[in-house]
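Student: Hey, can you piece these two chains together into the complex? The hints should help.
So the sequences go chain by chain: L and U.
If you read the first sequence in the working numbering, its first letter stands for residue 4, the second for the next number, and so on.
If you read the second sequence in the working numbering, its first letter stands for residue 511, the second for the next number, and so on.
In case anyone wonders, no lab produced these hints; they're calculated from the structure.
All the pointers check out, no bait thrown in.
With the Cβ distance kept under 10 angstroms, some of the chain L side facing chain U (calculated, not the full set): (1) 8; (2) 15; (3) 19; (4) 85; (5) 87; (6) 88; (7) 89; (8) 90; (9) 93; (10) 94; (11) 183; (12) 262.
Beta carbons are placed, not taken as given, at the ideal position from N, Cα and C, and that holds for glycine.
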Amino acid sequence: MLRKLLKYDLRDAFNKVILIYATLTLLLSVATKLFGLIENSAVWELVTSISFGFAVSGIFGLIINVIIHTWVNLANGFYGDRSYLTHTLPVTKGTLYTSKFFAAALNLVIGIAVSAAALLIMLGTKENFEFLKSMLLPLADMYDTSVAWLISVLLLEVFMQMFSLIQVGNIGIILGHRCNGAKVAMSFLFGGCMYVLTTLIVLGAAFLCALFNENIMQLFISNEMANMDSLKALIYLCLGVYAALIVIEYFVAKYLLKKGVNVD
Amino acid sequence: MTLLECKNISKKYGEKEILKNINLSLPSDKIIGLLGKNGAGKSTLIKLINDLLTPTEGEITVKGKPIGVESKRSIAYLPERTYLDKRMTVQAVLTYFSDFYDNFDRQKAEKLLAALDLDPKERLLKMSKGMQEKVQLVLVMSRKADMYILDEPLGGVDPATRDYILNTILSNFAQGASVLISTHLISDVERILDEVIFIDKGQVVLQESADELRTREGGSVDEIFRRMFRC
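Chain U on its own, in the form it takes in the complex (with noise of 0.2 angstroms):
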């Protein structure tokens, strides 16, 4: 079953364009690799499945339907930079997270932020940059959401944090919901994915289940990436 659909996706700044000509059906249950070089457009076309930005053409739906409340109810975004009011208590952000997300599992994210040692009642500027992430990874991975959008979730940490990270999304995301992880650190993520999507100067150009590639192309995801975009 297609869960979200991108038809004929472009996105322009003035003459500059990002995007072009974007088409890409994401399927349920999969955990999907949105794999480009830095400024390639995955985070561009991340953010126009998210309603940040607005595409110059073209349409996306998700479950049939356009970019609206109800795509929002069922995606899970975990951006690429921390977006929560720091002035907050850890408290404080889940009771914000309940008060707008019904599908926000509060118990699950409590037990997940108490194995963290988080005190609920400290405040998020106290915190360093790398646990205000994990924060919000807990966050999003707490939502019983049929779509999670993992924006860049390995960079910059450390290789222990990225083993905490890739383990918080395998046991958290709700069962039949697919994943989409945007990085470009891909021997990271290789081992999960069950589908690839290569884009490359704000194209899609290629779109094939992991297991397939590998054996097509006799290599790991990670070295026919490296092959394809040598520079």
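Okay, chain L solo, but in the shape it has when bound (with noise of 0.2 angstroms):
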């Protein structure tokens, strides 16, 4: 069954989100490109630049859009007029959800991976490259590491921390609609105070660990750089809390479905 919600969930975003704005920020990524090949004036300098602007905010408008669909297909299709079709479906609440968490992840990759795919599509020059090398291989040699492999970090905390803001904003709405008014205000409430409280975890760890680490002490007591080192150790520290509190986010959000809905 969980195949067939997957299916369900994933054709939906698709249809609604990922083909109307990863189609069209490759669109204007590509002809960002191409007008930046034209021979050199001031009328295409401008459109170019229009162009790149409008390709930038498709960029964030598409991965706006992932976290906001998903938030929006949740609230419908569990507290809307579709949840009495979901919740009479032979499935428990908790593979809803897990086809829902999936579905949110898979678009997201994809979301992350249009956006990095348009930006190597109008930055993606030999000058740029050598530039953007130039700035990294420095911090790769010091983590005796590879360009690709920090971008890669770079693009897994990205991913992290947006998937762990969808979590929070999916539990806002399950613990908004169990209260008996004001549902969707105490539904942003809810998220909101989730956000703050993951984000006083993830600086909870990060302290923990500078009780242990000079280094990274360093960032809570003096606003001088910290040394690559200390700056290596947090961002894995990060990964690490933020995987661990989307799984957690993941079964607490199980975990109040299971306690049951109340549909208006």
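Tutor: The following block contains the structure:
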């Protein structure tokens, strides 16, 4: 049943978000690249700049829409008119949520991948690559790794943060709809509180590590740039904490749904 | 044989008690009317049975098991609102039901929809609300369920459509299954009811065979209901 649910959840997101925004973003990035290739003139530079602006907006729009679509889809599917079908399907509420969880993860991966591809298309010149390499190579050397690995870690960090944001929003919606009134407002309130809580947990975990690591402690007690070793430790720590948070958020959402829903 | 049982069911929203200590036992192979005024608690009870609400107290069992995956396989539910994704075509909706309900008879649904002159490739959003409701009714009645729960299926429709709905229900529910119809339009459904449940102010005030009730009280169910709940 999970496979079938996932098929419908993915299809829904693909039709409503991915297809439109990803196509638009990629088209704009290709257009920006093509305009940039045309012989320099003031008009074409202006057109290229405008196209670049739209493409960057498209990238943000894609990610933001993936996140908002996930929330709206959960709210409509679990508490709107469609919930009369969702909750009467012969599947557990846990399975319903698991499908939404994986669909959101996959959509976010697609969103980030398309955004990265759009940036690559627009800015992928030899000079830019050289510039990026010169910026990141010393960092990669210090981490004893490659530039590609650094970029991958950065993208993973972005994914983790965004996905955690999606999960806390989901929990906010579930908690908000357990209230007897002002459910949308309460969803925002709970979601906001959950976001603050998760941020505090990440900060708290970093502070705990700082107690045992002077380099990380420097980030808390001074405004000097931390050395590379402490940054490396901090990045891995954040990745670990976000991964743990995502798992915890998933089980919290499932637990709350297992306790039942109250559909208007 | 008892198909569905509600034991001491209460539902509160804050301090407001919508259902008060409901005890019900619904048998197989009967058409049962869940009758009550607007706001009596009919829809709340039905939503509790369908896992759309969580009871404050008590337990509901279907074929001896608590509400869950098994009960959802056994119950075909028609809510009072349109719940389908309106961007879907009729064909896609049929595929959706085939995917999730192993007791869904697609051929039967196609036959019933053909009788409505519906193009399977037509999207639901292009249909009138009345037609969307008919599609939902066809989907529900094309399942070989143990129990059909129909919440206000006649609400807000013209007399001709009421006849279509009642005929579709009567000629399509699975053999041996029960049908629970919630309505306040008693005169329209009276002729088909085997049993009636009167619900008022969140409490079951009567559960009896329709024939026995008519004989005992001397009048139609509609008249008896009007007498009992006169404002």
